[in-house]
Amino acid sequence: MRPVYVIGAGMTRFGRSEVPLVDLAGAAALAALHHANLGKIPVDTVIVANMGAGRVNRQVAVASALVDRLSLWPAAADSVENGPASGASAVKVGYQAIASGMADVVLVTGVEMMRAVDGLEATDFVASMSQPEVEYIYGVTLPSLAGLFARLFMERYGVERRHLALVAIKNHDNAMKNPYAHIHQPITMEGILTAPEAVVNNPPVAEPLHMFDCCPVSDGSAAVVLASEEVAAKLGAPRVLVAGIGQATDTHAVHERPDPTDLKAVRLASAAAFDRAGQKPSEIDVAELHDAFTILEIAESEAAGFFKVGQAHRAVERGETKLTGKLPINPSGGLKAKGHPVGATGVAQLVELTWQLRGEASGRQVAKAKTAFACNFGGFGNNVVATVLRKEER
Amino acid sequence: MASVTDLEALLRPPAMEMPPYPPKAITLASGEEMIVRQAGREEMPVLLSAIYPLLLVERDYYDIVAARLYAELLAYKRYRVKDEYVLVGLIDGILAGLVNGRLVDGKLGMSYHTLTIRRGLRVGSHLFAAKMEYHIEHCGQDEVLIVAESPIGFRRWMIEYPLDKKHEVQHELGGVPSWVLTRKTYFDAKPRLVVGRRPVSAAQLASAETIQLPGEETVRLQVTGEKGGKA
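For the record, the sequence lines run as chains A and B. For reference, each letter of the first sequence is one residue, going 1 to 394 in the numbering used here. For reference, each letter of the second sequence is one residue, going 1 to 231 in the numbering used here.
Simulated from the structure, these hints should not be mistaken for lab results. The beta carbon of each residue, even a glycine, is placed where N, CA and C say it ideally should be. There could be a bad hint or two in this list.
[Said to hold, decoys possible] Pulled a few chain A residues facing chain B out of the computed Cβ check, cut under 10 angstroms: (1) Glu-18; (2) Leu-120; (3) Ala-122; (4) Gln-185; (5) Thr-188; (6) Gly-191; (7) Ala-195; (8) Val-199; (9) Asn-201; (10) Asn-202; (11) Val-205; (12) Met-211; (13) Pro-216.
Please model the entire structure based on the sequences and the hints provided.
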């Protein structure tokens, strides 16, 4: 297979969109194309990751619409829907197109506009990814699945609410340094957990998870430009190699897993990505994990191999996952505070990591970052895509 | 022919004695302290100027809330509403939100509006709770009639407390069927919704003595949260 490089990355500020869906995607795509500085080199293929535009925004075939909006004809156009893992799945499809020799330049854009509907409908739309006969029909939502998971995980490994709060506080702090983040609001342990007022400030959503354990509902778009080695060399762009991608699935219904606290798909997808990249978790300098709920950052960091099972919350306690720690996790603010427009999330993770590897993440730059890892978690862990990026010195 | 002063007396509704609302301090999720205190009639001009930029913000029904609240505060300032009160939430002296209502009589309260300027910190929940605290605990009322103009308000008041239906009574805000907070509802909800510390220190009170306003653009951005769509 041919090597594939990320030569451009861009995104919109996450939050509430002021513009329609395709314009939102266009803004991120243009930012990435500008970053790539392609000149007259044409874009062969446009891939759009999106989960719910057909339902929420009455817009399907978003990739075709984006090609037209950006006048990129006759580029091939494909839309990818794979739940919250749509973003990384779309990057994987783009990667395959270049690696196989079918394309030289691929624009991958993730976009979602979830705030077009109210919170209840957005929650229902996201819940529609759950198992229809044994989960969705009984009113199971993603926060409720995460609550059940958290209760079991916390009981088994001695994780306490203060550990979850530490993750939230860290990610809010990181988001304060990220101009693209949805939430620019620092929070404190006192304010969300220990003060008597915390009972109102941070109400339960699905016990033991409270409001500040959950990501916001966001609009937003993110895009990367992938290119073959030949194109990357011609442009003289900083070389961010897509070193390895892994993907794995698990049972649709969470209760069918022998051990629901074992995020098997994360474990397998991460192992495959590391194997293809020829790297070990201990060699990673910075990671973006799918913290739709704070407990997931802790659990995924173990399943990906960064910490032993049952030990990640101790690392959080020691500050190892802060920007200045041994392994900074979610320097962007993560889904928790950067926001989670579901179809855009997997791409946004790679945008952040590309900027980190290029030394362009001002204010939240991880020092000397050369290797990076992303985990894009679909469903409730039933479809996961992991990616390893590596900076190559020219 | 009556003098202007006599006519003014006829135009003003009769007022009854209202107890003061003792200020309290609330620690927010950000760790910041919000002082909740009563605002006097002389402070209405500054509150009116805070609300003014929101009259045209459609997001989350801010326009109708701002427009009605503007009229209510103006009526309070110019003595054209009976027994109204206004509470403000101030963070470092800067206005974070406000609530108002009035006493219909000794036993019945009429909740008017809750308007949050600093969003994302449950300021509105704290201020609404302070308003209910005033009616039930400080004025000793039995019931407060409440309606919501936005789905957010409906979730916060009707569902979160939860309130009872009193649909046979039209609320003063547009004749919408009323919901009611009773003493029992209030005291049942109090442990999870009503917080704050008293007494407030002299230093904290001093910091909240003068209402300061965030800039007009800051108010608009904080309220709408608009920042998507720009790379």
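- Closest C-beta approach of A/Glu-18 to chain B relative to 10 angstroms, hint status: holds (5 angstroms)
- Classify the hint on A/Val-199 as holds or violated, based on whether any CB of chain B lies nearer than 10 angstroms to its CB. holds (6 angstroms)
- At a threshold of 10 angstroms, is the proposed contact between A/Met-211 and chain B supported by beta-carbon distances? holds (8 angstroms)
- Should the hint that A/Asn-201 touches chain B count as held when the rule is a Cβ pair under 10 angstroms? holds (4 angstroms)
- Query: Minimum Cβ distance from A/Ala-195 to chain B below 10 angstroms?
  - Reply: holds (4 angstroms)
- Go through the hint on A/Gln-185 and say holds or violated, using the shortest Cβ distance to chain B against 10 angstroms. holds (5 angstroms)
- Message: Tell me if the interface restraint on A/Asn-202 is satisfied: Cβ within less than 10 angstroms of some Cβ in chain B.
- Response: This hint holds: A/Asn-202 lies near chain B, its Cβ roughly 6 angstroms from the closest one there, short of 10 angstroms.
- When the least beta-carbon distance from A/Val-205 to chain B is tested against 10 angstroms, hint result: violated (13 angstroms)
- Query: Once the shortest beta carbon distance from A/Thr-188 to chain B is found, is it less than 10 angstroms?
  - Reply: holds (3 angstroms)
- Message: Restraint: A/Leu-120 near chain B, CB-CB cut 10 angstroms. Satisfied or not?
- Response: With a closest approach of 9 angstroms, the A/Leu-120 hint holds.
- A/Ala-122 as an interface hint toward chain B, with CB separation required under 10 angstroms: violated (13 angstroms)
- Message: Restraint: A/Gly-191 near chain B, CB-CB cut 10 angstroms. Satisfied or not?
- Response: For A/Gly-191, the interface hint holds, since the closest Cβ of chain B sits about 4 angstroms away, which is under 10 angstroms.
The earlier numbered hints that this structure contradicts are 3, 11.
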